[in-house]
Amino acid sequence: MAITTQLAGGVVGLAIAATYFVADSTLNPEEIHLEIARAEYVEIDGVGHITQQLVSGSGKPIPAVWAAAITRVNDFGVSSVLCSGTGGEERPGIYNGAVDTYNLDDWTGDTCADTRLGPNDFAEATWTYVNEYGLRVTIGVVIKPEQEDE
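Just so you know, our numbering puts 131 at position 131 of the sequence shown, and the rest follows in order with no gaps.
Source of the hints: derived by calculation from the structure; they are not laboratory data. Hints may be right or wrong, so weigh each one.
Using C-beta positions, here's what the derived DEER-type ranges look like [what the hints assert, rightly or not]:
{"id": "1", "residue 1": "Val137", "residue 2": "Ala98", "range": "13 to 23 Å"}
{"id": "2", "residue 1": "Asn74", "residue 2": "His33", "range": "16 to 26 Å"}
{"id": "3", "residue 1": "Pro29", "residue 2": "Thr115", "range": "36 to 46 Å"}
{"id": "4", "residue 1": "Pro29", "residue 2": "Val78", "range": "44 to 54 Å"}
{"id": "5", "residue 1": "Arg136", "residue 2": "Val55", "range": "14 to 24 Å"}
{"id": "6", "residue 1": "Pro29", "residue 2": "Asp106", "range": "31 to 41 Å"}
{"id": "7", "residue 1": "Glu43", "residue 2": "Asn96", "range": "25 to 35 Å"}
{"id": "8", "residue 1": "Asn120", "residue 2": "Ser58", "range": "15 to 25 Å"}
{"id": "9", "residue 1": "Glu146", "residue 2": "Asp105", "range": "20 to 30 Å"}
{"id": "10", "residue 1": "Gly59", "residue 2": "Ser79", "range": "11 to 21 Å"}
{"id": "11", "residue 1": "Ser84", "residue 2": "Leu27", "range": "16 to 26 Å"}
Glycine included, C-beta positions come from ideal geometry on N, C-alpha and C.
Please model the complete structure; the sequences and the hints are all you need to start from.
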């Protein structure tokens with residue numbers, strides 16, 4: 001009887017420990033957080049580029065669906081999209097803190113009307129990922145070329 005009691009106590013103890021581990025993992029899942037550390041427009045050899053860096057809060061790579069567009073605002077305040085694109089669910093980007101520089105065509109996944117941003121142009125992008133609670137989170141940025149002082 002003593003062996004049965006010890007065995008039963010061991011099984012109950014193991015069950016409690018396993019339940020605690022599962023509950024703790026469910027209540028405190030590993031953080032999945034993405035933030036934009038850098039996003040800027042630069043010109044390299046007269047061609048416009050976007051340099052970006054997205055950093056994972058956990059240090060692990062995070063897949064995110066990206067969308068990007070280049071927009072021009074004319075003198076009357078009317079906006080027109082010059083180029084735009086997305087990786088879609090089937091081609092998400094994987095972000096882990098790397099600094100990446102893309103020309104405007106590659107950054108948008110489209111053929112842009114111009115190779116540089118003008119003074120009334122801006123670039124915008126969003127990244128959508130699923131956090132540790134299964135919720136979709138979208139972060140974004142608007143990038144304008146720096147204006148030179150006149």
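Between the beta carbons of Arg136 and Val55, is the distance compatible with 14 to 24 Å? holds (19 Å)
Take a look at whether the Cβ-Cβ distance between Glu43 and Asn96 falls inside 25 to 35 Å. Since Glu43 and Asn96 have Cβ atoms about 27 Å apart, the given range 25 to 35 Å holds.
In this structure, is the beta-carbon distance linking Ser84 and Leu27 contained in 16 to 26 Å? Cβ of Ser84 to Cβ of Leu27: about 40 Å, so the range 16 to 26 Å is violated.
Is it true that Pro29 and Asp106 lie within 31 to 41 Å of each other by Cβ? Given range 31 to 41 Å: holds, Cβ gap about 34 Å.
Can you tell me whether the CB distance of Asn74 to His33 sits inside 16 to 26 Å? violated (38 Å)
Given a hinted range of 11 to 21 Å, is it respected by the beta-carbon distance of Gly59 and Ser79? About 38 Å separates the Cβ atoms of Gly59 and Ser79, which means 11 to 21 Å is violated.
Measuring from beta carbon to beta carbon, are Pro29 and Thr115 in 36 to 46 Å? holds (44 Å)
Lying within 44 to 54 Å: is that true of the beta-carbon distance Pro29 to Val78? For Val78 against Pro29, whose Cβ atoms are near 46 Å apart, the range 44 to 54 Å holds.
Between the beta carbons of Glu146 and Asp105, is the distance compatible with 20 to 30 Å? holds (21 Å)
Quick one: are Asn120 and Ser58 within 15 to 25 Å, going by C-beta? Taking Cβ atoms as reference, Asn120 and Ser58 lie about 39 Å apart, which means the hint is violated.
Take the C-beta atom of Val137 and the C-beta atom of Ala98, compute their distance, and say whether it sits inside 13 to 23 Å. Holds, since Val137 and Ala98 (Cβ atoms, about 20 Å apart) stay within the stated range.
Checked against the numbered hints above, the structure breaks hints 2, 8, 10 and 11 and satisfies the rest.
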